[in-house]
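Visitor: Go ahead and model the full structure; you've got the sequences and the hints to work with.
Heads up: the sequence shown is residues 1 to 439, going by full-length UniProt numbering.
There could be a bad hint or two in this list.
Only pairs whose alpha carbons sit at most 20 angstroms apart, straight line, appear in this in silico PhoX-like list of lysine-lysine [said to hold, decoys possible]:
hint : residue 1 : residue 2
1    : K284      : K216
2    : K283      : K114
3    : K128      : K264
4    : K204      : K284
The calculated label-pair distances, taken between Cβ atoms and stated as ranges, are [what the hints assert, rightly or not]:
hint : residue 1 : residue 2 : range
5    : Y220      : T343      : 51 to 57 angstroms
6    : K128      : K204      : 42 to 48 angstroms
7    : I90       : R345      : 45 to 51 angstroms
8    : Y17       : Y67       : 22 to 28 angstroms
9    : R344      : E424      : 33 to 39 angstroms
10   : E74       : S158      : 24 to 30 angstroms
11   : T225      : I90       : 36 to 42 angstroms
Hint data in this document are derived by calculation from the structure and do not stem from the laboratory. Note that this is a predicted model, so its numbers are computed, not measured. Ideal Cβ positions, reconstructed from N, Cα and C, are used throughout, including at glycine.
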Amino acid sequence: MGRWKKRALSYDMVVEYVHRIIEETPLIPFLIPLILIAWAIERWVFSFTNWVPLIVAVWATMQYGTYQQRILVEDLNEKWKRVIQNTSAITPLEHCEWLNRLLMEVWPNFINPKLSLRFSSIVEKRLKHRKSRLIEKIELLEFSLGSSPPSLGLQGTSWLTLGDQRIMRLGFDWDTTDMSVLLHAKLAKPMGTARIIINNLHIKGDLLLMPVLEGKGILYSFVSTPEVRIGVAFGSGGSQSLPATALPGVSSWLVKTFTDTLAKTMVEPRRRCYSLPAVDLRKKAVGGSIYVTVISASKLSRTCLRGNSLRRQQNSSTNGTLEELRIDKDLQTFVEVELEELTRRTDVRLGSSPTWNSSFNMVLHEETGTIRFHLYESTPNSVKYDYLASCEIKMKYVADDSTTFWAIGPDSGVIAKHAFGGTEVEMVIPFEGAQSGEI
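Guide: So, in structure tokens, the structure goes:
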């Protein structure tokens with residue numbers, strides 16, 4: 001009897017101990033069956049030691065696939081952003097502080113000397129052709145743009161699309177107070193000579209940059225005539241010279257000359273071209289021969305070319321739109337071709353779509369030039385003729401021994417061509433300011 005009692009007491013102690021362990025560790029009831037199941041699988045189904053490397057390999061493969069998928073998604077997102085950026089008609093307004101900082105770093109020893117040399121030749125040429133009535137002779141002695149570069153895109157920069165043309169618009173603000181442009185002027189008698197010093201310049205406007213010819217060049221222009229201020233000082237010019245006082249009208253004449261030059265060369269729709277040749281042959285053209293053939297014109301009308309209102313007639317077609325119907329069968333016209341100081345004329349032809357096929361050999365004395373085409377109406381039995389319209393083609397020699405041609409297209413668009421020496425280029429140019437007519 002005593003032996004069974006001892007066993008009962010021992011069993012109760014074991015049960016109590018187990019209950020205490022379960023209370024302290026609640027996971028024990030789950031771990032024990034899991035261990036038993038794992039032992040049974042290990043004993044009678046398959047060995048875990050053989051499957052552990054396979055499980056690790058599968059896990060590593062899944063992790064690598066997830067990583068590759070994440071990289072692929074990021075690449076697709078970046079490509080999609082680039083597609084949206086390249087095909088979007090407009091882009092968000094972005095500021096250009098980084099560009100202005102870079103411009104400040106490279107301005108003193110790289111951009112400033114290049115631009116000073118380039119602009120000095122332009123200024124010399126313009127001063128020879130345009131002089132104030134107070135100035136008999138003027139020459140350029142010194143030219144430096146100073147240490148302050150222009151600021152670009154202070155109000156932001158953005159791209160926009162007009163038709164098929166991509167255009168970048170950015171602000172241009174140049175306020176330099178340490179530039180040095182020294183001019184020696186021989187004034188009308190009895191004033192003698194004087195030194196004209198331009199020491200500060202302010203230009204403010206909006207620039208348009210238009211890539212053309214698949215990136216072979218960039219056309220640039222101001223949206224409208226920029227705000228221009230020029231600071232002028234006057235100094236002694238030696239014996240029989242004018243005292244160091246202000247000359248009446250000289251400052252305003254310089255501002256007008258500069259503004260007119262900008263308006264005629266790089267204010268919309270007139271543009272200048274910056275060439276981007278892939279190959280630089282280190283060549284510089286000082287002149288060349290230009291062969292111009294005036295082939296024909298079309299859609300000529302007195303009322304359209306002179307800007308008068310046209311008589312509109314209802315079109316009989318089903319779309320019901322209005323068309324401008326005006327045909328001048330008795331219109332007699334000829335074209336005057338102008339390059340620098342050289343002019344040539346075609347014969348007089350009859351009709352609103354005349355054909356001339358007149359060729360001219362003309363000479364260009366620089367690496368850039370402008371061919372102007374002036375259309376005139378000839379009056380029968382009279383030496384008088386009436387001006388109708390005009391247009392122009394600009395050209396520039398490029399360092400890869402080619403030539404770029406560009407002109408104002410329909411709706412103030414861009415027409416550009418590129419050809420190497422000796423290659424013929426055919427261009428159809430609308431007359432400027434006319435409702436119809438092209439040459």
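Visitor: Give a verdict on every hint.
Guide: Hints and how they fare:
Taking the CA atoms of K284 and K216, the gap is about 18 angstroms. The hint holds against a cut of 20 angstroms. With a CA separation close to 17 angstroms, the supplied pair K283 and K114 stays within the 20 angstroms bound. Of the pairs offered as hints, the one joining K128 and K264 holds, with about 17 angstroms between alpha carbons and a cut-off of 20 angstroms not exceeded. Among the hinted pairs, K204 with K284 is inconsistent with the structure: their alpha-carbon atoms are about 32 angstroms apart, more than 20 angstroms.
A beta carbon spacing of about 29 angstroms between Y220 and T343 contradicts the range 51 to 57 angstroms that was offered as a hint. Our hint of 42 to 48 angstroms for K128 and K204 is violated, since their Cβ atoms are close to 28 angstroms apart. Checked against the hint of 45 to 51 angstroms, the pair I90 and R345 passes, with Cβ atoms roughly 46 angstroms apart. Hint check: Y17 to Y67, Cβ distance near 50 angstroms, so the stated range 22 to 28 angstroms is violated.
As the Cβ distance of R344 to E424 is approximately 18 angstroms, the hint placing it in 33 to 39 angstroms is violated. Checking the proposed 24 to 30 angstroms range against E74 and S158 shows it holds: the Cβ atoms sit about 27 angstroms from each other. Taken as a hint, the range 36 to 42 angstroms is violated for the pair T225 and I90, whose Cβ atoms sit roughly 25 angstroms apart.
Checked against the numbered hints above, the structure breaks hints 4, 5, 6, 8, 9 and 11 and satisfies the rest.
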